[in-house]
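**Student:** Listed below, chain by chain, are the residues.
2 protein chains.
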Amino acid sequence: MDISEIKALTFDVFGTVVDWRSSITREGRRLGEARGIDVDWSTFADDWRAGYGPSMSRVREGELPWTNIDALHRMVLDELLEKYGITGLTEEEKDDFNKAWHRLAPWPDSVSGLTRLKKRFVLATLSNGNVALLTNMAKNAGLPWDCILSAELFKHYKPDPETYLGAASLLGLEPGEVMMVAAHQNDLRSAQKAGLKAAFVPRPDEFGPQREVDTTPDPAFDFVASSFEELATMLGV
Amino acid sequence: MDISEIKALTFDVFGTVVDWRSSITREGRRLGEARGIDVDWSTFADDWRAGYGPSMSRVREGELPWTNIDALHRMVLDELLEKYGITGLTEEEKDDFNKAWHRLAPWPDSVSGLTRLKKRFVLATLSNGNVALLTNMAKNAGLPWDCILSAELFKHYKPDPETYLGAASLLGLEPGEVMMVAAHQNDLRSAQKAGLKAAFVPRPDEFGPQREVDTTPDPAFDFVASSFEELATMLGV
Chain A
0 MDISEIKALT FDVFGTVVDW RSSITREGRR LGEARGIDVD WSTFADDWRA GYGPSMSRVR
60 EGELPWTNID ALHRMVLDEL LEKYGITGLT EEEKDDFNKA WHRLAPWPDS VSGLTRLKKR
120 FVLATLSNGN VALLTNMAKN AGLPWDCILS AELFKHYKPD PETYLGAASL LGLEPGEVMM
180 VAAHQNDLRS AQKAGLKAAF VPRPDEFGPQ REVDTTPDPA FDFVASSFEE LATMLGV
Chain B
0 MDISEIKALT FDVFGTVVDW RSSITREGRR LGEARGIDVD WSTFADDWRA GYGPSMSRVR
60 EGELPWTNID ALHRMVLDEL LEKYGITGLT EEEKDDFNKA WHRLAPWPDS VSGLTRLKKR
120 FVLATLSNGN VALLTNMAKN AGLPWDCILS AELFKHYKPD PETYLGAASL LGLEPGEVMM
180 VAAHQNDLRS AQKAGLKAAF VPRPDEFGPQ REVDTTPDPA FDFVASSFEE LATMLGV
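So the sequence lines, in the order shown, correspond to chains A and B. Residue numbers 0 to 236, in numbering that gives the first Met the number 0, belong to the letters of the first sequence in order. Residue numbers 0 to 236, in numbering that gives the first Met the number 0, belong to the letters of the second sequence in order.
Be a bit skeptical, because a hint or two may be false.
[Claimed, not checked] Straight line, CA to CA, 30 Å or less: simulated DSBU-like cross-link-like pairs of lysine-lysine:
1) A:Lys6 with B:Lys192
2) B:Lys117 with A:Lys98
3) A:Lys93 with B:Lys98
4) A:Lys6 with B:Lys98
5) A:Lys192 with B:Lys154
6) A:Lys117 with B:Lys98
7) A:Lys6 with B:Lys82
8) A:Lys118 with B:Lys98
9) B:Lys98 with A:Lys154
10) B:Lys192 with A:Lys154
11) B:Lys138 with A:Lys6
12) B:Lys138 with A:Lys138
13) B:Lys117 with A:Lys93
14) A:Lys154 with A:Lys93
15) A:Lys98 with B:Lys154
16) A:Lys192 with A:Lys118
17) A:Lys138 with B:Lys154
18) A:Lys117 with B:Lys118
19) B:Lys117 with B:Lys154
20) B:Lys192 with B:Lys118
21) A:Lys117 with B:Lys192
22) B:Lys118 with A:Lys118
23) A:Lys6 with B:Lys93
24) B:Lys118 with A:Lys138
25) A:Lys118 with B:Lys117
26) A:Lys154 with A:Lys6
27) A:Lys138 with B:Lys117
28) A:Lys138 with A:Lys6
29) B:Lys6 with B:Lys118
30) A:Lys98 with B:Lys6
31) A:Lys192 with A:Lys154
32) A:Lys6 with B:Lys154
33) B:Lys6 with B:Lys192
34) B:Lys93 with A:Lys118
Hint data in this document are derived by calculation from the structure and do not stem from the laboratory. Because the structure is a prediction, the values reported are computed rather than measured.
Looking at chain A on its own, in the form it has when it is part of the complex:
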């Protein structure tokens, strides 16, 4: 493939750029210690994340009107607090814990790899996370995006084609001039169907040490790299 065709890279964020599981577990433990709540916070994190897909599907299928991720995270959180029998949190504490998703920590190679890639390409998020979440996360973690793009701007969640095509259009580019970077093969296949290029950066630890992730890449992907640093090298930066 001719790399000079690629003008912009769009990134999945949760799992691809940031390690949501460790971050949510850490913030849960901190809250638990402060408030004397004894639960397995890594399982809590897994449950919170597991509620995310189904809640987005309710939006994608029209069962819910457009609802952004902050609000969906909060719906799932409220259910989990009940399920885990956690009571007595103030509204402020619940809101702050919900905003833990704005403070997720990057994988070790994320900031350095993005900083290299930014020299040559326009770098944008293309996440189901809402604009405020992605903006606050970038500020907190030092992620050097050129532009924050989000499903929220299109009122469609990935993998709806409106998200990939909408991102290319806002960047003033043809779909084939944009490459989606993600740890999730489904996201990349949908991006390719919309005409984007695809780089697979598997994150085998995304779901913790117990859960195995199939990282065998779809042969249709344009690039497969083990880190953003390796991707930068492959792209000649």
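Fit chain B to the supplied structure of chain A, relying on the hints for placement.
**Tutor:** Okay, now just chain B, sitting in the frame of chain A:
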């Protein structure tokens, strides 16, 4: 006013952050020298800018469907090329000249002032320029935005209230937690009407040395500063 209420600053861009007149004049002269076109490029720049408001009004009033600034700039450019009797430019040359708006140079205090302000506030554009234009401009000029917000995201041009309210909403903030920063009093008055705070940073040279700009500030504005550096100092950064 309690500065701690302000969480984000949204910036008008053309004229407030960047000096469109000098930049367009410079690029016009370069094109003119390359192609042997002898016109007064600063007047050409003024005419190009003068066509911008009326073309946006046609969109705001529904005479044109939603059309982004790249396309409006191009409509005005094509009219001006005819008016000035400039012929023989290739499509590539015209497109490149139109994209001079993606390469506008910042005022001398813009990058340093924004860099200081970014330490404390979320910084976003809130411009009628389209997302690609603002993203490319930031990359080219080193403008350290946290987030690119544009009229294009709301399909409404400033001063429609949808732009100011939409920006606050995407940032996850109340209108009163956002302060609009602009060199144009009309923009600031409209932002205040929508509930935002307002900082006036007059740019007396925006329209060149011949045209006087009334920089007497509306007493309703929350801050008046002569540069982004001075604004940073006023805001305690």
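**Student:** Need the list of violated hint numbers for this structure, in ascending order.
**Tutor:** 1, 3, 7 and 21
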